[in-house]
Each structure stands twice: as structure tokens, then as C-alpha cells.
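Visitor: Take a look at the letters that make up each chain.
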Amino acid sequence: MKVIVPVKRVPDTAGDKVIDADTKTMDRDAGETVLCPVNEFAIEEAVKLKEATGAEVTVLLIGPDGAQSTIRKALSYGLDGAIQVTDDAISGSDALGTARVIAAALADVEFDVVIFGNQSTDARTSLVPAAVAELLDLPSLTYARFMEIDGDAITVHREHEEGWDVVESTLPAVVSVVEAINEPRYPNFKGIMAAKSKPLDVKSLADLGVDAAAVGAGDAAATMYAFEPRPPKAAGTIVTDDGSGSAADDLADWMEEQKFI
Amino acid sequence: MALSFILTDEQEEFRGLVKRFADEVIAPRADELNAEGVFPVDIVQQMGELGLFAIPFAEADGGMGADLTTLCLAIEEIGRVDQSLGITLEAAVGLGATPIAEYGTDEQKLQWLGDLLTGQRVAGFGLTEPGGGSDVVGATRTTAEVDGDHWVVNGSKVFITNAGTDITSVVTVLARTGEDADGRPELTSIVVPADTPGFSVAPKYRKVGWHASDTREVILDDVRVPLANTLGERGEGFRQFLATLDDGRIAISALAVGLIQGCIDECTRYANEREAFGTPIGSNQAIAFKIADMEVAAHTARLATHEAAWRRDNGLDYKRQACIAKLYSSEAAVSAAREAAQVFGGYGFMTEYRVGRFYQDAKILEIGEGTSEVQRMLIARDLGVGTS
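In order, the protein sequence lines correspond to chains A and B.
Per the working numbering, the first sequence runs over residues 1 to 261.
Per the working numbering, the second sequence runs over residues 1 to 388.
Hint data in this document are derived by calculation from the structure and do not stem from the laboratory.
The beta carbon of each residue, even a glycine, is placed where N, CA and C say it ideally should be.
Heads up, a few of these hints could be off.
[Stated by the list, open to error] Not the full set, but computed from the structure, chain B residues with beta-carbon under 10 angstroms of chain A:
#	residue
1	E10
2	L17
3	L52
4	I55
5	T70
Could you build all of it, start to finish, from the sequences and the hints given here?
Guide: This is the structure:
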């Protein structure tokens, strides 16, 4: 079985994010960058497949030369190799542009299943996995909190607000996983040392036959008009218990209003 | 072989991994484990999965083929949040597995090394005895006599790390096996499996610090082990343990660096949070300068540690540098812990605060694996002081 895990380099989730005023995109050089933490859940599923079936797992990253440390980080979990698509024209792509590049990279290789994290911690759109599936005309199994592959069949539990749906499909398919799916292991020393010797296939848009005009900021379907820093946190609502028991009702009303219950 | 203070990408990545593991897995449980004096088998085995116990060993033996410098990075990062697990790692690698890897036969390695390098088991090194400390040769009273194809070992050992855990596999014991031609004791290292009849450990010591590490008195009462358990040549024990301790000094130095760094991390956070008389206490030079001094100590101690480890990893003479690193780092750690406790005021006297715990843990660093006095003696002797 061949598994592809698309991964992303994101600003350190513990740090402040900076948006460049001119390009209205994230300033990716402003602070430390890390492997997107949500990717770790996708990698864990892939490692489990590798352990169970001997699957060959390749990571796919769209990003500049500096992102190779993110690739090595992903490979340190014991994965087999990496594909990097790098091209100046990709800069500024929105979710659809990103999906076009990923879909083109996937169309260029063999695979049985693609496992995404359901969202990245910087953009948090959750759009890319479904868009990639659509572009490749493959089954889209998103928000998986459980996945199981048996021969040519794949079953996932698709999480939603009220529980989950059991969704079945055939391979090849595109899956995105949520954090409830597993508890990612740590890499180990051996994996870190082995990461540098794993094959890395670097491709440009031309290699993939993608028209540079179809990606990047110029052709984005979404337009950023303005942005503002998050306003300071507003004071919370305090429910006072005066001993009459009305506080429980007030609390319940508030929770209903907020759609918690 | 030019000296560089820049770690490789892999070493940085590895340091980051151990730091994350220490912060996420060890730190949240450190207070409870130390308060209850529990040796956490589950964490030790997880450290094994990370590869920590296999770092400096040859790949042919199941090791990672890395070096002492890399081991020091791991010890520092673990020691930064918990000194007990730092010493557990240091002793398991340096005292438990290293003698077997260095001097063991292929058969001995096959028998014991695998589990030690994966962290599934730990081993101890039985050197110190009740009647002695630094003067190992004269103080060794434990005997081993040949009886057919077995050794019969009798005696006791004190302060033996990792000797009495649920996962202790063996303790390598230094025993008197006769006298050489000049009448000096002949010392031999013998591997004693912990499940051998006659091998027992006393209840846990009531230590000042290192509460979550396992330290025991080992009692050897007519313990019969095969002659095949002899480690290296008969009579080589003294030379073996000297070499073992040289590396151990560097590793203890790394543990001390971790303690100082932990004090800096905690004090920096606290000095910015805690307000007194209307301002954060860190805005007072009395507090800020203490933390600046800790940083000077951590930086200096780390440089001394890395340089000693680098010399060792590159085949240069490193005995004096190991003594210097161990002496400086351990004394600096005691000072840093004392000042860190002062920064925290009353909370610094509470063991549930890391700096309070580190105040307890620091003292042993000036004693274990060669006291400060022994380090000074060796440095002076190496300079030729008092020899004429």
C-alpha cells in the first residue's frame, strides 16, 4: 500500500502570528515555524498502516527551500520519503490554489490513500482535503475520527456536532483526520538520524504541468480585503447565586443562548 | 575536527524532541513522583522508545551510534525538569550498560545489552562500599571466590543507582578476587543478575533529594554466578571503573547544567509574574542580577561540558577537562539552586516548586561520581602540584 501524507509548515502555534500589511498574507519568516501539529495525527495513522501492512509512506510538502526542516521533522517519525513542490509562483495561493498544486503532485505519483490533517493551525479553512478529492475525482472522507482499511475498502467515522457517521468507500481515497483519531507518538533518535538520508523529490510547477497563472495570489478565488488584530478578550458573563436557585436557571439560559445545550 | 559550538541539525532536532518529551510527559508528574518517591517505570520505558538509553552505543550492539555529546544533550534536557530521571538515565547508560558494552563478550552483550539499550530494563554498577568512598581499592571488602565454574560473591555495596527497581536486570559488582604480585588487591568486575539467589537490596534510602530515582544498598550473600559472568579480564576491575567514571563526570556535569537551566527558566517566569510593592520582582536588580548570574553559570558550565565531551568523542585526552566540567558545573548548580529558592521566597522552600526540589537535588552533584575534593585533587595532580 502506498500512503501520502501532505504536511504543512506553519508558524509556531505558541507564538504570535504576524500578517504582512502589504501582501496581506502571513509573514512566515516572522517567527519560528513548525510542522503543523494537526499533521501529527495524520502521520500517526500512516505509521500505524506502515506497521500493520508495511505501507510505504511519503510526505508531500508545498513550500520553499527553508521548509525542508519541516520535511525532515515529518520523516523523523519513520516515514519513507518526501516530495517537495517548490515554486515562487505558488506564494500567496489560497486554499483552492494550494489544492490545485497538491492535486497535481498527487496525480504525478501512485497512491492508495492520502491522509490529511483536517485543518492547518494557521489558516484553519479545512477546505484543502475536500478540494483535492474533488479535483482528482476521488472519494472524500473528511473529519475522520477513526479509519480502517481492509483490502480495497476503507471505513471512516466522520465526526460532526452530534456524533459521527460511518462512511465506507473504495480506495484510492482522500481522508482528513481530526485530533480525536489517535494519540501521536514521539519521533525517536533513530528516526531523526535516518530522516536526512530518506529520498526527497523536489518538483516545480513546470515539472507537474501546472500553469503558474492558475495558482498564487493573482488567481486566488478568495480575496483578503482587510485584516485587524484580534480585539482584546471581552469580560465574561458572571452568574451570581443569590441563594434563591435562580442562578441555575440563568446559567442554563445562558448556555442555551450560546448553543452549548 | 575543528572545535565547533554549533550543534548539528540532527542534534538540535533531537534536543528539541527530548525537551518536548520532558515538558509534556515528565514535568507534569515530577512533583508527584518525587513526593511519593516512586521510580516511574512507564516513563523510563518511554524514554527507551525515544532511544535515549541507546545513544552512545555501537549500532552493531543495538545502539544509535552517536556520541557522549549527544547523550549530554538528553541528560541536560531531562535534568532541566527532573533530576531524578536525569540521574536514572545517566546511571543506566554510563554505569549500567557501558561496562557491558565496553568490556563484555559478544555472548554477554547478547544476554543483557538489548533490554538495557531499549530502556526495557536498567542495570547498576556496584562500586562503593560501606567502609569507603573515594578510596575504592583499599575499601573494597566484597570478595569473589572460585568454586568450580562459579564465582561465590559475598559483601555489600552502598548507594547503588538503579539496583532495586522492578526492571533491574543486573548489577555489575567490583569484587576482590585475590592479590597481585605486589600484594595489592586484585579487583574484578562480575555481572550479577538481580534474580540470583543471595542477591538482595535494602529498603529505599531516605535521601535529601533525587527522590524518584532508585538508590539502594546491595547485599551479596553467597551469590553464585558462572565464571562466564566475569566482565573483561580478571583483575581488570580497577582500570575499568576508572574509565567508567571519567565519562560519568561529563554526564553528571550535563545533569548539573540542566539543573541550572531549570532554575533560570523557573526564575525568569516567576520574576516577571510575581509582583511586590507594585512591580514585578524582576524589575529589582537584587532579583534580576541573580538570574543573570545563573545564566553566566549555565553558559559556562555548558561550554565546559560540551568541550570535555567533544574531546572524548574525538579521541583526545579529556580526564582533566572532565574533572573541571564536573567540579565547576556541580558547584554552580548548588549556588543556582540556593539563589533560585531565594527568588521564590517562601515558595522556594516548598518541594512542590521545581526550585525547591532542585535545592534538594543539587547537593549530591558535588558528591556523586567523584567529590569536588577528588576533582580538585586530580586537577592539581595533573598539573604536577605537590609531586616534587
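Visitor: Next step is simple, just say for each hint if it's right about the structure.
Guide: A quick look at each hint next to the structure:
For E10(B), the interface hint holds, the least distance from its beta-carbon to any beta-carbon of chain A being 5 angstroms, beneath 10 angstroms. Restraint check, L17(B) versus chain A: the minimum CB separation of about 6 angstroms is within 10 angstroms; hint holds. The restraint placing L52(B) at the interface with chain A holds, with a minimum CB-CB distance near 7 angstroms, inside the 10 angstroms limit. Proximity of I55(B) to chain A holds as hinted, the smallest CB-CB distance being about 6 angstroms (cut-off 10 angstroms).
Checking T70(B) against chain A by beta carbon gives a least distance of about 8 angstroms; that is within 10 angstroms, so the hint holds.
In summary, this structure violates none of the numbered hints.
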